[in-house]
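*Asks:* Sequences are here, hints too, so could you generate the full structure?
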Amino acid sequence: MIIFHRLWATMESRGISMYQLREKCGIDSKTIRRLRANENIETKTLDKLCSALHCNLDDIAEYKES
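Residue numbering for the sequence shown follows UniProt numbering, starting at 1 and increasing by one per position.
Mixed in with the good hints, there may be bad ones.
Said to hold, decoys possible - Calculated pairs, DSS-like style, for lysine-lysine (alpha carbon to alpha carbon, straight line, at most 27 Å):
1. K64 <-> K44
2. K48 <-> K24
3. K48 <-> K30
4. K44 <-> K24
5. K30 <-> K64
6. K30 <-> K44
Unchecked claim - Distance ranges between label pairs, derived from CB positions:
7. H5 <-> S51: 18 to 24 Å
8. S66 <-> Y19: 28 to 34 Å
9. S17 <-> E65: 28 to 34 Å
10. H54 <-> Y19: 25 to 31 Å
These aren't lab readings, by the way, just hints derived from the structure by calculation. Where a beta carbon is used, it is the ideal one built from N, C-alpha and C, also for glycine.
*Replies:* Here you go:
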């Protein structure tokens with residue numbers, strides 16, 4: 001299972017609000033809900049998030065065995 005708790009910490013450390021993230025990435029509220037629920041998202045969304053936050057994938061996501 002991929003979890004996104006690191007995303008919220010990375011956003012906070014960079015002073016990025018949810019609104020700013022949505023604007024920078026061009027993602028909608030449905031995608032934000034999916035991230036909060038640790039549901040599947042497209043790899044292009046992960047790419048957009050890393051690009052907008054200037055970070056690596058491991059700064060926003062973590063693999064946990066289910």
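*Asks:* Starting from the hint list further up, note which numbers the structure goes against and sort them upward.
*Replies:* Violated: hint 10 alone.
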